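Trainee: Listed below, chain by chain, are the residues.
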Amino acid sequence: MEQQNFLKNKTIPKTIEEQLAPRMHDDDKLLFVIVCDLTAKANYGVSALAVTRTRYIAVDEELDGGVLEGNIGDIENASVKRMYGNSQLRITKKDGTKEIPLRFTYSVATLCDMAASFLNAVSGGEDIDEQIGIVEATYEKLLCVCPRCGRRLLRPGAECINCASKGKIVKKLMKYVKPEAPRLIICLILSALSTFLALIPPYITKHLVDEILPERNSRQLIVVVVILGCSYLIGVTVNIIRNYVLRVSSDRMIKALRNDVYRHAQMLPMKFYDKTSTGSVINRISGDTATINGFVLRLSQDVIVQFFMLVGIILIMFFMDWKLTLLSLAPVPLVVLGAKWFGRKIAPFYRRIWRRWAAVTSVLTDSIPCIRVVKSFTGEKRAVKRFEKYNEEWYNVDIQSARITTAFPAIISFVITCGSLLIWAVGGHWVIAGAGISAGLLVSFISYTTMFYGPVNFFAYLNDSYQQALASVERVFDILDAEPEVSVASHETLPEIKGKIEFKNVNFSFDRTKKVLSDINLTIEPGDIVGIVGTTGSGKTTLINLLMRFYDNYEGEILIDGKNIRDLDLEYYRGQIGYVQQEAMLFRDTVFNNIAYSKPDASVEEVIHAADVANAHEFIARQPDGYDTMLGERGIGLSGGEKQRISIARAVLKNPSVMIFDEATASVDSETENLIQEAIERLISGRTTIMIAHRLSTLRKANKIIVVDQGKIIENGSHEELMALQGKYYRLVEIQSMSEKVRASKEQENFD
Amino acid sequence: MDRIYIDGDEARFEIREIPRLDVYFYNGNVIEDVEPRRLFPVSGGNKYVTLLDKDNKERAVIRDVSRLIPESRKIVEKCLEEYYMIPRILRMVDRTEKFGILKWTVETERGIVTFTIQNRHSDIKIFYDGRVLVRDSNDNRYEIPDYRKLDRTSQNLLGYDL
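Taken in order, these protein sequences are the chains called A and B.
Residue numbers for the first sequence follow my numbering, beginning at 1 and rising by one.
Residue numbers for the second sequence follow my numbering, beginning at 753 and rising by one.
Treat the hints as calculated values from the structure; they're not laboratory data.
Check each hint, because a few of them may be wrong.
Quick list of in silico lysine to aspartate or glutamate cross-link-like pairs, EDC-like style, CA-CA up to 20 Å [claimed, not checked]: (1) LYS855/B - ASP875/B; (2) LYS81/A - GLU810/B; (3) LYS830/B - GLU99/A; (4) LYS94/A - GLU769/B; (5) LYS81/A - GLU769/B; (6) LYS81/A - ASP807/B; (7) LYS94/A - GLU76/A; (8) LYS41/A - GLU895/B; (9) LYS345/A - ASP903/B; (10) LYS81/A - ASP805/B; (11) LYS712/A - GLU126/A; (12) LYS41/A - GLU861/B; (13) LYS41/A - GLU769/B; (14) LYS389/A - ASP881/B; (15) LYS901/B - ASP846/B; (16) LYS98/A - GLU834/B; (17) LYS877/B - GLU393/A; (18) LYS81/A - GLU829/B; (19) LYS41/A - GLU859/B; (20) LYS515/A - ASP129/A; (21) LYS93/A - GLU769/B; (22) LYS877/B - ASP366/A; (23) LYS799/B - GLU829/B; (24) LYS345/A - ASP846/B; (25) LYS389/A - ASP366/A.
On the chain B side, residues computed to face chain A include the following (Cβ under 10 Å) [said to hold, decoys possible]: (26) PRO771; (27) ARG790; (28) GLY863; (29) ASN890; (30) TYR894; (31) TYR912; (32) LEU914.
Some but not every residue of chain B turned toward chain A, in silico, with C-beta under 10 Å [what the hints assert, rightly or not]: (33) GLU769; (34) ARG789; (35) PRO793; (36) GLU833; (37) GLU834; (38) TYR836; (39) THR860; (40) GLU861.
Bear in mind the structure is a predicted one, so any value in this text is a computation, not a measurement.
Note that beta-carbon positions come from the ideal geometry of N, C-alpha and C, so glycine has one too.
Produce the entire structure from the sequences given, and follow the hints as far as they go.
Mentor: In structure tokens form, the structure reads like this:
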């Protein structure tokens, strides 16, 4: 068994292996093993399902005899029953008997789903090698943890930042640090100067106390005071210059990093956004880049400065008196350990405060934007009561945490003071006893001791900020390292696009585990108006996504005017297609700029004409600011239909060869639908047009209708042909004409 | 639409194939092959249990399982127990955190288990009576009936996340 090459989700426990080994035959290759986490009676434990080319073997000590074995060929149906917090693999055999070979938590449910599909497919006579491809893809998809440290990765196959060599991370970050090297070096020099200047005053204090004051030397006193004043003045000036230069290079670094991340984010394929929320990408560009920048500065500046400060102070202290130095170092372990302990103790309090505060803000974000609902249901008093309750809880937790947050820094400072007291006590005794230590040296020593704890604290907290920065580095480099859209590099174009579109044997699946489109063969002639209909989730939009080249990893070919779309320049190709979506996406910009987005160099009259064609000009002209109306601002709320007409105007201006409408009129009333429909009809004349429509009445102009169901084209023809066929399309039309009648009469009623 | 509520002794339940059952009303009506599901699995326990047929259509609702006749109550409870697995956490064995992801090892009435929690804010819910509901990164659920009654070590470990 060990020698065989089979798939497994984790190391197979010895007890399972002992049961499986004697059941393996050389002529029946083991394909995969799923190690599960529950026993038959729903207790935590180990169980497993092993599948060979012809058999399945379940191992679980709570099964009768510990093992359940069967032939795949005997299976009538295998399914996964998903329950609450646990699932079962259920098998019905051809002789009618039923068995439950496996119980498991959701942790392995995806694998068991795959196993059930595999068993069904193989028992149904499908090609076993093709099925193994799906099995491999499912296992691969689940390899979302680092094999070395077990840490969950952002996506399958992503590099684990925890295990990546630190040198590699530094090398990646150096790209942004290098251009700033001259400025950073200047900052370092200035920092060294500033540190040096900071170390002078305590040293001078020694002379002041030991020599100048006892000797009552006024002249020297003035000289020393002037020197001290100058050193402070120079120190302040140096710090101002240093902080400014540092801010400049910091801003330049963060600017470069943000530009890079944003540029990459724009070029990433849709499949990246399928797995990563847009909010998360925005956070990475705004928040994580700032965290990284802060940490880079900490590493490139503060670590060096604080280190030299620490070494400098210790050297001076040793130079002054080694015995007192050792004495002053005594509280260091206490301070370091205390800072660590405090960090650990205070974190839960911050979390608790955050939790309670989140509850308070959730009441705010719920009730303030929904104030109309609150008022209409006279819920004001309830809202106030709820808010006060959560606010009270926040108050209680905050007060609790205040005890530790206020006490601890005071305790630490007390420990440091105790260190100083110790030096005062011992050192003072030595001064009085005349043991070779002067009063000035003691005063100066105390000053250095206080300064010494700054760098100590800095290094005590460094690891925490390192861990925090590392998480940000991972998220940012996930974008920077991701592959951009494939053929951005191709520059091939066509002299003119007539609009003939062909799908040839197209198959597609998002993650290879389930086919979303199967055997799509379709020819659309130039100027055709094609309607795509089908129930939700049937694959209509996916078909359009492939045509738009949002995904390129499909099998088969999609041709435009006989040319494979994958061979065309992506920018050029998308430039030939006008795409109007169900939800009109408008930018926070003027109406003019929103329309001109598709053609930035469009003249004013071109934009007005486009708006006119889209039935948008009239309502735009009615706005006080006309085409200068800022969208998204207070009071400028356009209706869904108006927004849609602006997005159609955008498509008109683009003057594309191919038009795609993805349920463009799905969320508007009948009257607006007519206005939009009118605009669409003007727009599509003479162009190849593809319309996805939920409302079949919008397809009245279509000369070809395609019915998609479960990823396959099941009907294809004109409206009349499909009605005569009395298939799926016929049934959809029947259902809709009934609901349309109801809708029309309701609208009429409302109008009356 | 009239909903059939089952209050107590007007119906008898018989097991079909766990977790499916048949309901025989004393007025002669029969509902066959239904599966009980909690309408309030988080807050309501065994109150308001819906009975769904094979097409997931509701056929009746049990108002309170504890008020059924004892044999029927046992049958319904057995079906619910089979369907719902929310292990009760008896003790915290270990808790670690790295990069914001929590790893808990806990002792439950079904044995010891280790799981990860992706988001401590949304995946750990604390109720006012001390009850804590936890969802792991694979969507499995766990429950602490009252975290204030756990041993000192467990409370200390939980203190980081609650």
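Trainee: Does each hint hold? Answer for all of them.
Mentor: Outcome of the hint check:
1. LYS855/B - ASP875/B: Judged against 20 Å, a Cα distance of about 13 Å means the pair holds.
2. LYS81/A - GLU810/B: 19 Å, holds
3. LYS830/B - GLU99/A: 19 Å, holds
4. LYS94/A - GLU769/B: 19 Å, holds
5. LYS81/A - GLU769/B: Between LYS81/A and GLU769/B the Cα gap is close to 13 Å, so the pair holds against 20 Å.
6. LYS81/A - ASP807/B: Status holds; Cα separation ~14 Å.
7. LYS94/A - GLU76/A: 5 Å, holds
8. LYS41/A - GLU895/B: Holds. LYS41/A to GLU895/B sits at ~19 Å (cutoff 20 Å).
9. LYS345/A - ASP903/B: Answer holds: LYS345/A to ASP903/B is near 19 Å, not above 20 Å.
10. LYS81/A - ASP805/B: 15 Å, holds
11. LYS712/A - GLU126/A: 18 Å, holds
12. LYS41/A - GLU861/B: 12 Å, holds
13. LYS41/A - GLU769/B: OK: LYS41/A and GLU769/B at ~15 Å, within 20 Å.
14. LYS389/A - ASP881/B: 15 Å, holds
15. LYS901/B - ASP846/B: 17 Å, holds
16. LYS98/A - GLU834/B: Holds, at about 17 Å.
17. LYS877/B - GLU393/A: Holds, because 15 Å separates the two Cα atoms, which is no more than 20 Å.
18. LYS81/A - GLU829/B: It holds: about 19 Å lies between the C-alpha atoms, which stays within 20 Å.
19. LYS41/A - GLU859/B: 17 Å, holds
20. LYS515/A - ASP129/A: It holds: about 16 Å lies between the C-alpha atoms, which stays within 20 Å.
21. LYS93/A - GLU769/B: 16 Å, holds
22. LYS877/B - ASP366/A: 19 Å, holds
23. LYS799/B - GLU829/B: 11 Å, holds
24. LYS345/A - ASP846/B: With Cα atoms ~17 Å apart, LYS345/A and ASP846/B stay inside 20 Å; holds.
25. LYS389/A - ASP366/A: 15 Å, holds
26. PRO771: Nearest chain A Cβ about 8 Å off; hint holds.
27. ARG790: 8 Å, holds
28. GLY863: Nearest chain A Cβ about 3 Å off; hint holds.
29. ASN890: 4 Å, holds
30. TYR894: Holds - the Cβ of TYR894/B comes within 10 Å of chain A, reaching about 8 Å at its closest.
31. TYR912: 5 Å, holds
32. LEU914: Holds: closest Cβ of chain A sits about 7 Å from LEU914/B, inside 10 Å.
33. GLU769: 8 Å, holds
34. ARG789: Hint holds; ARG789/B Cβ to chain A Cβ min 8 Å, cut 10 Å.
35. PRO793: 6 Å, holds
36. GLU833: Holds, because the Cβ-Cβ distance from GLU833/B to chain A comes to roughly 8 Å (cut-off 10 Å).
37. GLU834: At about 7 Å, which falls below the 10 Å cut-off, the nearest Cβ of chain A leaves the hint on GLU834/B intact, so it holds.
38. TYR836: 4 Å, holds
39. THR860: With Cβ-Cβ at 7 Å, under 10 Å, it holds.
40. GLU861: 9 Å, holds
Violated hints: none; the structure is consistent with every hint.
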